[in-house]
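The listed protein sequences correspond, in order, to chains A, B and C.
Counting from 1, position 96 in the first sequence corresponds to residue 95 in numbering that gives the first Met the number 0; the numbering is continuous, with no gaps.
Counting from 1, position 89 in the second sequence corresponds to residue 88 in numbering that gives the first Met the number 0; the numbering is continuous, with no gaps.
Counting from 1, position 24 in the third sequence corresponds to residue 23 in numbering that gives the first Met the number 0; the numbering is continuous, with no gaps.
If you're looking for bench data, these hints aren't it; they were derived computationally from the structure.
Among the hints, a few may not be true.
As the list makes no split between identical chains, a pair holds if one copy fits it or if it spans any two.
Keeping only pairs whose Cα atoms sit at most 25 angstroms apart, straight-line, the calculated DSS-like set for lysine-lysine is [what the hints assert, rightly or not]:
1) K20 - K1
2) K197 - K214
3) K185 - K197
4) K136 - K248
5) K136 - K211
6) K1 - K220
7) K136 - K185
8) K1 - K98
9) K248 - K226
10) K182 - K222
11) K197 - K211
12) K185 - K220
13) K136 - K222
14) K211 - K253
15) K197 - K222
16) K12 - K255
17) K248 - K1
18) K248 - K220
19) K211 - K248
20) K222 - K211
21) K17 - K253
22) K253 - K136
23) K197 - K226
24) K20 - K100
25) K226 - K255
26) K185 - K100
27) K12 - K98
As the structure is a prediction and not an experimental result, all values here were calculated from the model.
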Amino acid sequence: MKFNNHNVYVSPKATLGKNVKIGDYTSILDNVVIGDNTTISNNCIIGEPLSDYYENEEYTNPQTIIGSNSLIRSHTIIYCGNIIGNNFSTGHRVTIREKMKIGNHCRIGTLSDLQGFSEMGDYCWLHSNVHIGQQSKIGNFVFIYPYTVFTNDPHPPSNVCIGPTVGDYSQIAVSVVLLPGVKIGKHVLIGAQSVVGKDIEDYQLAVGNPAKSIKDVRELKSKETGKSHYPWPYNFERGMPWQGLGFDKWIESKNK
Amino acid sequence: MKFNNHNVYVSPKATLGKNVKIGDYTSILDNVVIGDNTTISNNCIIGEPLSDYYENEEYTNPQTIIGSNSLIRSHTIIYCGNIIGNNFSTGHRVTIREKMKIGNHCRIGTLSDLQGFSEMGDYCWLHSNVHIGQQSKIGNFVFIYPYTVFTNDPHPPSNVCIGPTVGDYSQIAVSVVLLPGVKIGKHVLIGAQSVVGKDIEDYQLAVGNPAKSIKDVRELKSKETGKSHYPWPYNFERGMPWQGLGFDKWIESKNK
Amino acid sequence: MKFNNHNVYVSPKATLGKNVKIGDYTSILDNVVIGDNTTISNNCIIGEPLSDYYENEEYTNPQTIIGSNSLIRSHTIIYCGNIIGNNFSTGHRVTIREKMKIGNHCRIGTLSDLQGFSEMGDYCWLHSNVHIGQQSKIGNFVFIYPYTVFTNDPHPPSNVCIGPTVGDYSQIAVSVVLLPGVKIGKHVLIGAQSVVGKDIEDYQLAVGNPAKSIKDVRELKSKETGKSHYPWPYNFERGMPWQGLGFDKWIESKNK
Numbered sequence: 000m001k002f003n004n005h006n007v008y009v010s011p012k013a014t015l016g017k018n019v020k021i022g023d024y025t026s027i028l029d030n031v032v033i034g035d036n037t038t039i040s041n042n043c044i045i046g047e048p049l050s051d052y053y054e055n056e057e058y059t060n061p062q063t064i065i066g067s068n069s070l071i072r073s074h075t076i077i078y079c080g081n082i083i084g085n086n087f088s089t090g091h092r093v094t095i096r097e098k099m100k101i102g103n104h105c106r107i108g109t110l111s112d113l114q115g116f117s118e119m120g121d122y123c124w125l126h127s128n129v130h131i132g133q134q135s136k137i138g139n140f141v142f143i144y145p146y147t148v149f150t151n152d153p154h155p156p157s158n159v160c161i162g163p164t165v166g167d168y169s170q171i172a173v174s175v176v177l178l179p180g181v182k183i184g185k186h187v188l189i190g191a192q193s194v195v196g197k198d199i200e201d202y203q204l205a206v207g208n209p210a211k212s213i214k215d216v217r218e219l220k221s222k223e224t225g226k227s228h229y230p231w232p233y234n235f236e237r238g239m240p241w242q243g244l245g246f247d248k249w250i251e252s253k254n255k
Numbered sequence: 000m001k002f003n004n005h006n007v008y009v010s011p012k013a014t015l016g017k018n019v020k021i022g023d024y025t026s027i028l029d030n031v032v033i034g035d036n037t038t039i040s041n042n043c044i045i046g047e048p049l050s051d052y053y054e055n056e057e058y059t060n061p062q063t064i065i066g067s068n069s070l071i072r073s074h075t076i077i078y079c080g081n082i083i084g085n086n087f088s089t090g091h092r093v094t095i096r097e098k099m100k101i102g103n104h105c106r107i108g109t110l111s112d113l114q115g116f117s118e119m120g121d122y123c124w125l126h127s128n129v130h131i132g133q134q135s136k137i138g139n140f141v142f143i144y145p146y147t148v149f150t151n152d153p154h155p156p157s158n159v160c161i162g163p164t165v166g167d168y169s170q171i172a173v174s175v176v177l178l179p180g181v182k183i184g185k186h187v188l189i190g191a192q193s194v195v196g197k198d199i200e201d202y203q204l205a206v207g208n209p210a211k212s213i214k215d216v217r218e219l220k221s222k223e224t225g226k227s228h229y230p231w232p233y234n235f236e237r238g239m240p241w242q243g244l245g246f247d248k249w250i251e252s253k254n255k
Numbered sequence: 000m001k002f003n004n005h006n007v008y009v010s011p012k013a014t015l016g017k018n019v020k021i022g023d024y025t026s027i028l029d030n031v032v033i034g035d036n037t038t039i040s041n042n043c044i045i046g047e048p049l050s051d052y053y054e055n056e057e058y059t060n061p062q063t064i065i066g067s068n069s070l071i072r073s074h075t076i077i078y079c080g081n082i083i084g085n086n087f088s089t090g091h092r093v094t095i096r097e098k099m100k101i102g103n104h105c106r107i108g109t110l111s112d113l114q115g116f117s118e119m120g121d122y123c124w125l126h127s128n129v130h131i132g133q134q135s136k137i138g139n140f141v142f143i144y145p146y147t148v149f150t151n152d153p154h155p156p157s158n159v160c161i162g163p164t165v166g167d168y169s170q171i172a173v174s175v176v177l178l179p180g181v182k183i184g185k186h187v188l189i190g191a192q193s194v195v196g197k198d199i200e201d202y203q204l205a206v207g208n209p210a211k212s213i214k215d216v217r218e219l220k221s222k223e224t225g226k227s228h229y230p231w232p233y234n235f236e237r238g239m240p241w242q243g244l245g246f247d248k249w250i251e252s253k254n255k
């Protein structure tokens, strides 16, 4: 139905693992390496060249790596020079510019726009339409929701570029602005439409413009159970490495 | 100019009505049914399969229905399992995930992202870049403006999914966040960049973060006429079923 | 790598300058004129027809002009009836509807959505995901950041359409809403997530919802130098016509 080998272009300089499927009208450009069992759906460009390509005849595409067991959905553009882990997935029309380092088991939602030159750990889930500016640092198990933007220029336009940092397990809700260089701790929850300009400590719920810490997330109750919902890994397992095991036992097993 | 029959793919399991036009590089996948006189422009995918397709060789695509006299603009992706009425139109690069029920005469703007599992009545107009989360319920004649997001998880991440409900004739302005499970009445106007966490009664203008009702919409004057602009159906007819007839007469004719 | 002449469509009624490169799967439609040394990357549509095309067999595509030395990145859709200057560039998946007049040296970021019927001067840089409603007027050297929206209907829905006006050198930060008809002066800085409903004088920093002028931008210090950063042209030269010359000398040279 979707893999008819119509107008697929694979550069002779690309390297495909075993059982890689490529959708119609997709181009895999120079020096792209794709891991085993990965599917690239239709109308994608993997290894999109840098601007220099259009001007310099001697241009060589930097290496791009996409891990194994990944699913890139249609109309996605991934620039050259990215290093992406295993079990990666994207929605549709995702754009990932150059020089990102993305861990394993990450999911990037439809229309999200990653501007490159940033780091992301493992098991990060970006929902639709998240904008990550350059020089951002995102930990592990960080979830980010639609229309949230990570900024990096404190007095635009300038040559300063200092992105936000977000710690492990933090949740950044919809339509949030993280101002340049702000540091968000671990297990933080940032409320919808907040503007975060000051650093936020671990385990804080911060809301508003300007965002202020208003309580410890561990005081927030679940609508399902009436009990404390945070730290969320105790109450959400789907797709997480502690699924079926529980968060404590998983932590224990890691520490062994 | 646009319909050159280049690289059009129509599944043998799809059913096309009379006078259906399909643009170049568009794929109509299994079990899609398209009504008479509908145009699907170029680079679209209609009947995009569920994730299960990539894993399960026995996968069958659920039926997808798009009504007659519709216009799907280029680069739009509509998943399988949607039931969409007649006189539907989209802008470019719209994404509609599975299991939406969309009425007649709806318009979905460029880049809008409908996450599926939701309902929308007749004559709803979504402007560009509207994000509708799962389990949303939208009445008839509801207009929604850019960068507005309907959320559904009260304490992310969790397994709770309760979308907002919006009543007939309501207008949700730009960059608004509707929080999970909120209920908005009929003929409501939500102001730009509001965050709506509490239910809003019929005919209220609500603004702010958190949004509060500040007056009855019927007190708002038109800049054109100086008279009351709301209920808007008395002052806006373009594309509406009461065009040329007037809202009162149309209501009367319906009640006969 | 990217220009393989696969499935390129150029209308016999289009006019291409010298050394124009067209990417795979791109269509250049009727009455498009493209200047010398311009590159249109893959999967683009240039000269997208108006809605009337789908209904009227006698439809003729209005002329579309794209200047020389421009770079249109992939998946971009530019409607017919636009007049765009030289040294233009776009990111990916940009949509530009009809009847825009865009000056020289403008850059429109990935996913930006220009609704047409608007004007933009020279050296305007729109970052990713900017939404410009109809009847907007944007001066020269205006920079606009992600998820910002220019609105035009004061009491939606209505037949009134009055866009915002932004003066030369002004900077509109992320996630800002400009309300219908608002006038923003020159050298203004609008802070992140502001909602601007009242006119803003030259050289003001305005923030908040509703946005208020809080200080003169010339009081704002640079994080790099500790000195006043604004007017920014004294401290930012990259890509600007005063690069290597300095702003004062460039102004002088213009006034000769």
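Each hint, compared with the structure:
no., hint, result
1, K20 - K1, "both (10 angstroms within a copy, 21 angstroms between copies)"
2, K197 - K214, "both (16 angstroms within a copy, 21 angstroms between copies)"
3, K185 - K197, "within (15 angstroms within a copy, 29 angstroms between copies)"
4, K136 - K248, "neither (28 angstroms within a copy, 40 angstroms between copies)"
5, K136 - K211, "within (21 angstroms within a copy, 33 angstroms between copies)"
6, K1 - K220, "neither (44 angstroms within a copy, 53 angstroms between copies)"
7, K136 - K185, "within (13 angstroms within a copy, 35 angstroms between copies)"
8, K1 - K98, "between (30 angstroms within a copy, 20 angstroms between copies)"
9, K248 - K226, "within (20 angstroms within a copy, 54 angstroms between copies)"
10, K182 - K222, "between (29 angstroms within a copy, 17 angstroms between copies)"
11, K197 - K211, "both (8 angstroms within a copy, 21 angstroms between copies)"
12, K185 - K220, "within (19 angstroms within a copy, 31 angstroms between copies)"
13, K136 - K222, "between (32 angstroms within a copy, 20 angstroms between copies)"
14, K211 - K253, "neither (34 angstroms within a copy, 48 angstroms between copies)"
15, K197 - K222, "between (30 angstroms within a copy, 16 angstroms between copies)"
16, K12 - K255, "neither (42 angstroms within a copy, 54 angstroms between copies)"
17, K248 - K1, "neither (41 angstroms within a copy, 50 angstroms between copies)"
18, K248 - K220, "within (23 angstroms within a copy, 51 angstroms between copies)"
19, K211 - K248, "neither (34 angstroms within a copy, 45 angstroms between copies)"
20, K222 - K211, "both (24 angstroms within a copy, 23 angstroms between copies)"
21, K17 - K253, "neither (30 angstroms within a copy, 61 angstroms between copies)"
22, K253 - K136, "within (23 angstroms within a copy, 43 angstroms between copies)"
23, K197 - K226, "between (30 angstroms within a copy, 22 angstroms between copies)"
24, K20 - K100, "within (23 angstroms within a copy, 32 angstroms between copies)"
25, K226 - K255, "neither (30 angstroms within a copy, 53 angstroms between copies)"
26, K185 - K100, "within (20 angstroms within a copy, 40 angstroms between copies)"
27, K12 - K98, "within (19 angstroms within a copy, 41 angstroms between copies)"
In terms of the numbered hints stated before, the structure departs from hints 4, 6, 14, 16, 17, 19, 21 and 25, listed from lowest to highest.
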